[in-house]
Amino acid sequence: MTDQKTPCPSGGCEASSSAGGSRRKFLGAATAAMAAALTGCGTISKEEFLQHNFKELSKDEVLSVIDRLEKEYKAKYGKEVKVANTPPIPGVIFGYALDLSRCIGCRRCVYACVKENNQSRDPQIQWIRVLQMDKEEGVNLQHADQYYNPEEVPEEGHFYMPVQCQQCKKPPCTKVCPVGATWREKDGIVVVDYNWCIGCRYCMAACPYGARHFNWGEPNLPADEVNPKTHYLGNRPRPKGVVEKCTFCIQRTRNGRYPACVEICPTGSRKFGNLLDKDSEIRYILENKRVFKFKEDLNTQPNFFYFYGV
Amino acid sequence: MRFPTLSTLALGLLILLGPAAFAGPPAANQPSEIKVDTPAQEGIQVPKPPFSEGIFPCTSCHDGKSMKPNLKRRVLTDMHTDIILNHGPASRWCLDCHDANNRDSLHLASGEKVSFTASYLLCGQCHGDKLRDWRVGVHGKRTGNWNGLKQYLLCVNCHNPHSPRFKALKPMPAPTPPEQIKARKGGAR
Ligand code: SF4
Ligand code: SF4
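From first to last, the protein sequence lines are chains G and F. 3 is the number of the first residue of the first sequence in this note's numbering; add one for each residue after it. 31 is the number of the first residue of the second sequence in this note's numbering; add one for each residue after it.
None of these hints come from the bench; they were simulated from the model. Just so you know, even glycine gets a beta-carbon here, dropped at the ideal spot from N, CA and C. You may find that some hints are simply not true.
To be verified - Quick partial rundown of chain F residues pointing at chain G, CB under 7 Å, derived from the structure:
#1 C91
#2 V105
#3 V166
#4 G167
#5 V168
#6 K171
#7 T173
#8 N175
#9 L179
#10 L199
#11 T206
#12 P208
Claimed, not checked - Some chain G residues flagged as far from chain F (calculated, every beta-carbon gap over 10 Å):
#13 E58
#14 I68
#15 E82
#16 I91
#17 V94
#18 V141
#19 V181
#20 G182
#21 M206
#22 Y211
#23 F274
#24 D299
Throw the hints in and build the complete structure from the sequences for me.
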């Protein structure tokens, strides 16, 4: 199927769509050779190199890409990994609210997220970062510590503020991407096409929340810990050299389920729902509780809110 | 025991059918994985109350025949000595909440009996603001589907009713500082 369109990320392949079979074959082989030369290794397949931006793929192309990925994962991990392509649900924009008066900083959410979303264990990647802050200082990043490690939490005089992707309505991260490998979906989830990401890390520099993480090394994901229920734009295993981030558990939430961090939190600090549904718990919070947005002055307009439930 | 009225039953049924009825196709192809322990009441799905092993039904000992209820306020010395009551005024004791005539039941201040699966009604007598927030899903934890069937935790799943303060926890390991993270060699790209 990729031969039909002969897309060429490095540019300059216009003629090939009208080219004949043998020439096309030749071009394919040539591009594959070029792929090997450019990337400095031979493991990337011709199909992968020729794959277009996810947003531009036709239905059939998406299916064949997914088919290829599932085969690759099967070979790599020795088990069936399903890659879904579930679209946004019409009439839904996801919102999240975190109760700062309840969070005790136990980090259960961090590890539930790693497990659900197939983050690399080593080198370590964690999408949620829990900041311990001084009650006297309030939300003040100069007094935030993410490496706290006492016997028991919460510690006297402190409160805890987990930070993850805020799913901004005006995301600076997507604006700076030179290749359009990251964008905001209709349900408000900001996603990355790991096959289109070139690893320039501009988005990481642009994000004011430290929400994006880069695979500096080959991610290490033990085969028996792979979560086989994945989404193309979410928790499918990532290659080295791409950026990843929280997607509100796109593989769960687009199927109606709560995100993993909501379900694990022992204090019930994490709330999730449809911002467009006036009967949802998230709307109740926005309308009845004291709510703030993190770094509101930057006008990123997060769909992730912090509130005080007491 | 309060019997659910027809309308609450209907509401419960609606909640149970919820995801199938109006969640649309995405929810349909992934069956909900939430466990249903008890039938829904007032449209609220709760898990089994966290009884100590082998303690329920209470009437297996407190049957009202071999053991007559002793209504005198006292410190228990023969049984249930593991329970340390640290909840509200010192004068509080067992039968303020547990029902003397039917031990498998609780009762409100009014005397109205309340089942263990609806203990939130009892808690709500003093903690009305928390009950209100719990009903709308702001206080406490829900699991399941944001757009359909969900399970609420009972107050007593997180707060031991005899000593309700939320217990401190050991935190999971702190993240590795960046200078200690080594990139692994090899792999595609
Ligand atoms: S699991 Fe809940 S209480 Fe623990 S750190 Fe995360 S948000 Fe806070
Ligand atoms: S929090 Fe960062 S990564 Fe997430 S949408 Fe906003 S700018 Fe982008």
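Inset, instruction - Tell me, in ascending order, the numbers of any earlier hints that this structure violates. - result: 1, 2, 9, 12, 16, 17, 23
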